[in-house]
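Could you put the whole structure together from the sequences, leaning on the hints where they help?
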Amino acid sequence: MAFIPPPENTHASLVQAMNNMDGVEFDMRLTADNQIVIHHDHEVSIPNDLFDGRSRYVEDWNLEDLVELGFCSFEKLMQDKEWLVPWQEHSKVACLEIKRSHPSISKNPTTRMSKIMQIASEMIDDAGIPEQSAVFYAFHRPMEKVAKLSGSSRPWSRLLPVVPRTGTHHGKRLRALPEFVRYSFSKLLNQQKKAGSP
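Numbering that gives the first Met the number 0 numbers the first residue of the sequence shown as 0 and each following residue consecutively.
Any given hint might turn out to be false.
Claimed, not checked - Derived CB-CB ranges, DEER-like:
id, residue 1, residue 2, range
1, Q87, E42, 31 to 39 Å
2, I45, P160, 23 to 31 Å
3, H89, L176, 36 to 44 Å
4, E143, D26, 16 to 24 Å
5, E63, S105, 17 to 25 Å
6, I45, I3, 16 to 24 Å
Simulated from the structure, these hints should not be mistaken for laboratory data.
This structure is a prediction, so every number in the text was calculated from the model and none was measured.
By construction, the Cβ of each residue, glycine as well, lies at the ideal position given by its N, Cα and C atoms.
Here it is in structure tokens:
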């Protein structure tokens, strides 16, 4: 029987990746009850009939409600030995992307993002993850401020170009086109080195 990989950004997919790859990358958002959920999009990725009048935005939901629908809690992931041991003992790397909230949640997402970095850093530090085995990053110009507000000493990086937080998939990229043109690969690389990015 052919192997069927688990859906992206789920607990099972992250554990499998940590055990079978050199590292993993995943997206983190802050829930309404100040917990971290692994989720890529602004909107909860469920069929329309499951919203039942609730907000479409991940950040408006409590973690427990998202976990009931199958989404991954970062705290539960950090309690799973199948996830932790390879990260602790086998030089695996995790790239933790801090997602910016939708403008309807917060006009300035920096404070929310720093809370994510603070909470995640504390869990990672408590688990004894080596310093260079966890890197935070975001498509957010004031990423340095996020890191400073979080109090974390973990490595971080600002990703460019920054894509707007609202609009359709293609519309956001079209609006970001001038940045794509302005930042050549060598210019991006030099900016990352200058910022001290890992």
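Here's how the hints hold up against the structure:
A hinted range of 31 to 39 Å holds for the C-beta pair Q87 and E42, which are about 34 Å apart. For the pair I45 and P160, the supplied restraint of 23 to 31 Å holds, since their beta-carbon distance comes to about 30 Å. At about 41 Å, the beta-carbon gap between H89 and L176 stays in the expected band of 36 to 44 Å. A beta carbon spacing of about 20 Å between E143 and D26 agrees with the range 16 to 24 Å that was offered as a hint.
Look at E63 against S105: about 22 Å separates their beta carbons, and that is inside 17 to 25 Å. The given range of 16 to 24 Å is respected by I45 and I3, whose C-beta atoms sit roughly 21 Å from each other.
Checked against the numbered hints above, the structure violates none of them.
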